[in-house]
Amino acid sequence: NNYIHILGNGWFSGNPSNVALENVTIHGALFSITKGFGYEFYDTYEKGIITLRGSLIQKTREPVGQFNFWGDTGYDKDYAHDSRMLYSSPPHFLEPQNTGWELTGWKEIQ
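First residue of the sequence shown: 1, per the numbering used here; consecutive thereafter.
Rather than coming from a laboratory, the hints here were simulated on the basis of the structure.
Among the clues, some could well be false.
[As the list claims (entries may be wrong)] Taking lysine-lysine pairs in the DSBU-like style, the calculated list, with each CA pair at most 30 Å apart, reads: (1) LYS35 <-> LYS107; (2) LYS107 <-> LYS59; (3) LYS35 <-> LYS59; (4) LYS107 <-> LYS77; (5) LYS59 <-> LYS77; (6) LYS77 <-> LYS35.
[Said to hold, decoys possible] What follows is a set of in silico ranges between Cβ atoms, one per label pair, in the way DEER data are often shown: (7) LYS35 <-> SER89: 30 to 38 Å; (8) ASN23 <-> LYS107: 18 to 26 Å; (9) ASP76 <-> ILE109: 40 to 48 Å; (10) PRO90 <-> ASN68: 29 to 37 Å.
Just so you know, even glycine gets a beta-carbon here, dropped at the ideal spot from N, CA and C.
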């Protein structure tokens, strides 16, 4: 599988279902070709906020939190695109010319 899950220090001891960090900050590009980015126990523990500055590319949208009348669990999201990624990519990121993909259209939206 190609899930991107959040994992914290000490995942191998204690309560293995409650080791994800609280208030996670990510600066970078997350890329999952066949699955998605999520928190496995999104419906069990309250974890604060995921702050993502960069890019998120995923085939399927995976849950990171659950919000309802009875309370919030998992993470709240604070995602923002890093505009530098319009013109340059992170180190070791897939080069479009080597992926077999083809650009068929492009439009900038204000």
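Consistency of the hints with the structure:
no.	hint	in the structure
1	LYS35 <-> LYS107	holds, 27 Å
2	LYS107 <-> LYS59	holds, 22 Å
3	LYS35 <-> LYS59	holds, 5 Å
4	LYS107 <-> LYS77	holds, 27 Å
5	LYS59 <-> LYS77	holds, 19 Å
6	LYS77 <-> LYS35	holds, 19 Å
7	LYS35 <-> SER89: 30 to 38 Å	violated, 21 Å
8	ASN23 <-> LYS107: 18 to 26 Å	violated, 36 Å
9	ASP76 <-> ILE109: 40 to 48 Å	violated, 26 Å
10	PRO90 <-> ASN68: 29 to 37 Å	holds, 36 Å
Comparing the model with each earlier hint shows violations of hints 7, 8 and 9; every other hint is respected.
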